[in-house]
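All chains, please: the whole structure from these sequences, using the hints.
Residue strings, one per chain:
Protein chains: 4
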Amino acid sequence: MNFLSDTTAPAHPAILKALGQANEGFAASYGNDEVCERVTERLREIFETDLEVLFTTSGTASNALALSALAQADSMILCHEEAHIQRDERGAPEFFTRGAKLLPLHGKHARLRLDGLHKALAEWPADFVHSTPPSVLSLSQLNEAGCTYAVNDVRALALAAHERGLFVHMDGARFANALVTLDVSPAEMSWKAGVDALCLGATKNGAMMAEAVILFPSVKDRLGELKARQKRAGHMLPKMRFVAAQFEGWLANDLWLELARKANANARRLSEGLSALEGASLAHPVEGNEVFVHLPEPVIARLREAGAGFYAWPDGSARFVASWCTTEDEVETLLAAARV
Amino acid sequence: MNFLSDTTAPAHPAILKALGQANEGFAASYGNDEVCERVTERLREIFETDLEVLFTTSGTASNALALSALAQADSMILCHEEAHIQRDERGAPEFFTRGAKLLPLHGKHARLRLDGLHKALAEWPADFVHSTPPSVLSLSQLNEAGCTYAVNDVRALALAAHERGLFVHMDGARFANALVTLDVSPAEMSWKAGVDALCLGATKNGAMMAEAVILFPSVKDRLGELKARQKRAGHMLPKMRFVAAQFEGWLANDLWLELARKANANARRLSEGLSALEGASLAHPVEGNEVFVHLPEPVIARLREAGAGFYAWPDGSARFVASWCTTEDEVETLLAAARV
Amino acid sequence: MNFLSDTTAPAHPAILKALGQANEGFAASYGNDEVCERVTERLREIFETDLEVLFTTSGTASNALALSALAQADSMILCHEEAHIQRDERGAPEFFTRGAKLLPLHGKHARLRLDGLHKALAEWPADFVHSTPPSVLSLSQLNEAGCTYAVNDVRALALAAHERGLFVHMDGARFANALVTLDVSPAEMSWKAGVDALCLGATKNGAMMAEAVILFPSVKDRLGELKARQKRAGHMLPKMRFVAAQFEGWLANDLWLELARKANANARRLSEGLSALEGASLAHPVEGNEVFVHLPEPVIARLREAGAGFYAWPDGSARFVASWCTTEDEVETLLAAARV
Amino acid sequence: MNFLSDTTAPAHPAILKALGQANEGFAASYGNDEVCERVTERLREIFETDLEVLFTTSGTASNALALSALAQADSMILCHEEAHIQRDERGAPEFFTRGAKLLPLHGKHARLRLDGLHKALAEWPADFVHSTPPSVLSLSQLNEAGCTYAVNDVRALALAAHERGLFVHMDGARFANALVTLDVSPAEMSWKAGVDALCLGATKNGAMMAEAVILFPSVKDRLGELKARQKRAGHMLPKMRFVAAQFEGWLANDLWLELARKANANARRLSEGLSALEGASLAHPVEGNEVFVHLPEPVIARLREAGAGFYAWPDGSARFVASWCTTEDEVETLLAAARV
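Chains as they are written, first to last, in the UniProt record's numbering: chain A, 1 to 340; chain B, 1 to 340; chain C, 1 to 340; chain D, 1 to 340.
Watch out, some of these pointers could steer you wrong.
What the hints assert, rightly or not - Anything over 10 Å on all C-beta distances counts as not near chain A; from chain B, calculated:
#1 Q72
#2 K204
#3 V243
Unchecked claim - Pair by pair, the computed Cβ-Cβ distance ranges are:
#4 A:D254 - C:A156: 55 to 61 Å
#5 B:E41 - A:E297: 55 to 61 Å
#6 D:A187 - C:G309: 53 to 59 Å
#7 C:H106 - A:A265: 37 to 43 Å
Claimed, not checked - Below are the EDC-like pairs computed for lysine to aspartate or glutamate, each with C-alpha atoms no more than 20 Å apart in a straight line:
#8 C:K220 - C:E37
#9 A:K119 - C:E34
#10 B:K119 - D:E258
#11 D:K108 - B:E123
#12 C:K17 - C:E34
#13 D:K119 - B:E81
Hints are computed from structural coordinates only; laboratory data are not their basis.
Think of the CB as a built atom: it goes at the ideal place given N, C-alpha and C, for glycine as much as any other residue.
See below:
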């Protein structure tokens, strides 16, 4: 009953198989191999546009590299105060951008609000030499409260950002989980809604260490700069085919969507069971594979005693994450333990 | 006949097998898992001391992280002018240290000289507010000319560095290749000779993406700082067990030494054959798995025509690298093509 | 009728005279001269403790240097969301600290609140590798709304900060203005209340370009590091005696306090006159030399027409700053213009 | 007999007078005042082109700001191994550029050689993702050995740099001293010879703290970026008129050239006297206000005993600097002391 995080899960067998298939003979180094090329082509099909791709081995690396390629020197990144880039990356965005400022904005359920964005942009002008000019809007889909942005909301936020000359970055560590919930196409949820760069994560959804920075056409001319930053940050792996191969296995036969659907379904099951308990209430809507729920102390005690793994969240709720390998049985066992 | 680089080689089957074995059930994230713990213990046995280990996925990341944890703020790193950290890492040491200065020193066969080190230390005092104080000596073993440092030379250089308060960093991307050439113990070639931190590379010698920063007892109290830097640089992978697992497979049954011996033997075979050609001469002694050789133009032309892969080196020589999977047959085929 | 800023004022004649007196013969460079030594001694007397001093030529430089010497690597600086270091220094703190994060906190009248500080410290632990640890609390006295912190409030905030291992930085660009309002001693308003480092500004209060970073005993061992940072940032002037000389003139005969009293008195006069107008109301209490007042449109129009200089502030108020050379006559002229 | 450095000299009375004249009434802050505007116009006349100017208070700040505005991200600055930016600025260029690499080149009398430049450019390509691309050539005029570059040599070096897309920076801390030696126009010695940005120093030649970064037409579109960097580095002084005023006094009536001529003449007198001593020999040609001379031990002892101020240089020579206020009498006194 490990619901601690999707990062504690193993990799799906298809990933291991893909690694084996990529492990044949010599291949060009540093991302110039055929596997990287094939996966880039595949992502162009999936996202229905002429994008560029850079592979990394962590979501923090993807976010920080993408942000540093988008943010002009000494500028400001607007994000939610609960954003992973603000809270959980030990200042990686500041490091990679060499000192950009993150401006944390408020909003319920970890969602940025359009009025809050307008207010921030009004307060921080573009051309005042004494203050830091905004250059990037970053939003997370699935976000840090396990919630989605509706496509229309992404579009409205991106529009406001673009009108002020900002780029739009999407942290998609759990992009697949949001995608299957919203039931839209990858293109609709990203560049068609105004996203300039997407960090697409596979690690949490079945891979070993496989993340991709996707530059959509509006910013794909920055690929050269991004590669220089990737090299300088030690993220240009000599045998990059082994990262791309994980994507190949993950994308094949829509495995990525299948795993996300399964994880989401188990999260929903879990949330329904837990929120039905007397005295329990969801902290946020469950729109992906994460459940944040306020539970009575006795329930928490019973779960701990039964050996269930989950985190006490700073807001007082308990967080349960369903991974690609969580089973209905595990959910039922946990719910049974919770129920007395 | 691919002799371009050991980074173009696939991974040894034992690495893939180790990944499969590590892929069982849930495991703690971010390096707190049992595989990481086991490999750390194994390295303590191999190096015969109470060291600390941090895993990364590239040699550039290892070097830059290690250097940034050793170098005091705004200080200087002394290295050979041909050092990988100076030439081939796109300024990663400068980035991770936030602006340390690399002082390139001369020396034949990419070896630092003791007198050159003394001279540099005399010119750059420790306590002059106007100049950048030296804080780290970095040397590569195997070095960038494919040569080794004798253990006594490492010891003499490290002693001079320590007397001035510098730390000693060893870039061991091809540590195993040097080790089997010198036929000494890992401890003798590292901390016993004065090395404070070693970047031990497995990627070039059979792994997929597996490197380790080893902090010997003299600096192991910096592990906490190193982890913070690792996280901030996006190199603390969520599922770190899959990096450690590669080391587990690589170290088991002395596979790492076996693969290095094989690569070195094929490099020697190759160097003997090539240097015997009329008009050919070695640019550097062959003491590992790399051959730098000046070849007559017709030989080069014949090799290119035969489809041999190798690099024209900036100094006018041709570089051939034997990898763990290079075969005697390939060497013989290449030599035959070279011979007319 | 220039009430734009105290930075638009000329220097007091005593400053020019002090420059002339310092301009005799040769003197040691880079801050090692006798004027610097004398002023340091004088500041030790004034602050009644064994402090160390570093001179700079801008408040931004002082703040950024002080913060970078206090903040441990990759850490977080807590400050008010209206703080000069957050709003008006173009990211200098981020630059000098190489990527520290500023966490903007709320609070009426630009004052940090104790409960807000406690909450922030609870949310940002000291030892979690994934998040940025707080290391400095920065507060402004006089603050950005022209208000003071009571000494007890400074003490309470500093105590909370110290309990968590943070250092306390005070931006004293208008320190003298706060001092004469509170009618306490320099020591009481700084190190006795828990301030570790003070940026004491003379420029806005009569000097040409003269600021001092004062390290109180709790952090004075950082002087060496601070000097290295000063040099590296281009702020170690070759002929530093000419910065120190300005302080000498400014501190002599309590000129600094006299000028602050005069500016404050004129600000009070101005605020009383303006707030008495129908429809006018102060945005913040007037506790120094700045007046933030909401004025009816016709009043603003009349003032503009009369040629009065003042700024429309982002919060909708008008800001008037009285400088050391503002006269009662100017205030009366402005009030007359405002009154019909 | 203070020949330690031109930074130990006081300011010329005209500087103090200019400060007094600028100290009238209110003025716009942060460089937007009329004195700054006037001096900029004056420099346009003197340099016969439509340049832009930024004022600073130290040569290190000027160099570092200029270099950071010219150097593309993560790039390399080529300079002489004796360059002030390499030796004497505590890594300021690395700090302001956030980690650019300085490549130290050889050359007698601290002069860069054309063949050395060509070789370095050949070794460091512009478009190789693994290595740091060169972006700026920096040369000092007067250089660190007290020598000049002939205008033709500047032109040849600049041409080679421009052909590879580099910008050319000139460290002109002693620009006036070189100018009067070469007897050419300011334009001929700078932009007409290919210099893109000049750091023009007044501090060492009679001012208190007054330096200017001059952007010639080829790079003057970078003024906006340069100002942002100036602000971020704490070098945008609130009352900037007092820096510009020093230039106003310094440039008026060709005072700057007069002072440089006087200093050079005394250096020549000194060098002739010292080099005529038995066993003495000049280390470098004397082409400005600095004398580097190898002296017999007894001479040095006599000079020290007589209270003469000069530095023992790392190369074994003694350095004497004549400042604007050095007198013939002082030179004669020193020579007399040296002669027995």
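Unsatisfied constraints (hint numbers, rising) | As far as the earlier hints go, 2, 3, 5, 6, 9 and 10 are violated by this structure, in ascending order.
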